[in-house]
Amino acid sequence: MKSIKVGAIIASISTMMGAFGAHLLKDKLSEKALALYETGVRYQLYHAFALIIVGVLYGINPNKHLKTASTLFLLGILFFSGSLYILSYKVNNNLEGLKWVGPITPLGGLCFIIGWLFIAIGYKKK
Numbered sequence: 014m015k016s017i018k019v020g021a022i023i024a025s026i027s028t029m030m031g032a033f034g035a036h037l038l039k040d041k042l043s044e045k046a047l048a049l050y051e052t053g054v055r056y057q058l059y060h061a062f063a064l065i066i067v068g069v070l071y072g073i074n075p076n077k078h079l080k081t082a083s084t085l086f087l088l089g090i091l092f093f094s095g096s097l098y099i100l101s102y103k104v105n106n107n108l109e110g111l112k113w114v115g116p117i118t119p120l121g122g123l124c125f126i127i128g129w130l131f132i133a134i135g136y137k138k139k
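Numbers given in this note's numbering equal positions in the sequence shown, counted from 1, plus 13.
No false leads were slipped in.
Capping the alpha-carbon separation at 30 Å, the derived lysine-lysine pairs in DSS-like fashion look like this:
hint, residue 1, residue 2
1, K39, K103
2, K103, K41
3, K77, K15
4, K137, K15
5, K45, K112
6, K103, K45
7, K112, K41
8, K15, K80
9, K39, K112
10, K18, K137
11, K137, K80
12, K80, K18
13, K18, K77
14, K77, K137
Label-pair restraints from in silico Cβ distances:
hint, residue 1, residue 2, range
15, T28, P119, 24 to 30 Å
16, I73, L130, 14 to 20 Å
17, Y136, A32, 29 to 35 Å
18, N106, I134, 39 to 45 Å
19, M29, K77, 30 to 36 Å
20, R55, G110, 24 to 30 Å
FYI, nobody ran anything at the bench for these hints, they're computed from the structure. Quick reminder that beta carbons are idealized off the backbone N, C-alpha and C, glycines included.
With the hints as constraints, model all of the structure from the sequences given.
Here it is as structure tokens:
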């Protein structure tokens, strides 16, 4: 399972996106749009660490529940953080379209929640 490598790459991207937001977008985005962007970055970074944790646990005790947790965290990052990045653009530019993006955010959050539960199910002491 490649969760450690993927998590490290996503954490690196999160760090770059956070710096990009803090230095280049700070004066270009509205306060509301910047808050959406920062929330996306924060949860992306949290769940990059979650992927690393899953990879470590999988190395100790490989099982399908941990693989499922990894997949759910990846989907959560895509849906939750990805939709917040799009929403920050939408809010900042007062766009009327992109109504489909809003409902995706909670689906990503649900993926995160269920992913954490799959870690609880998949963790077994040896």
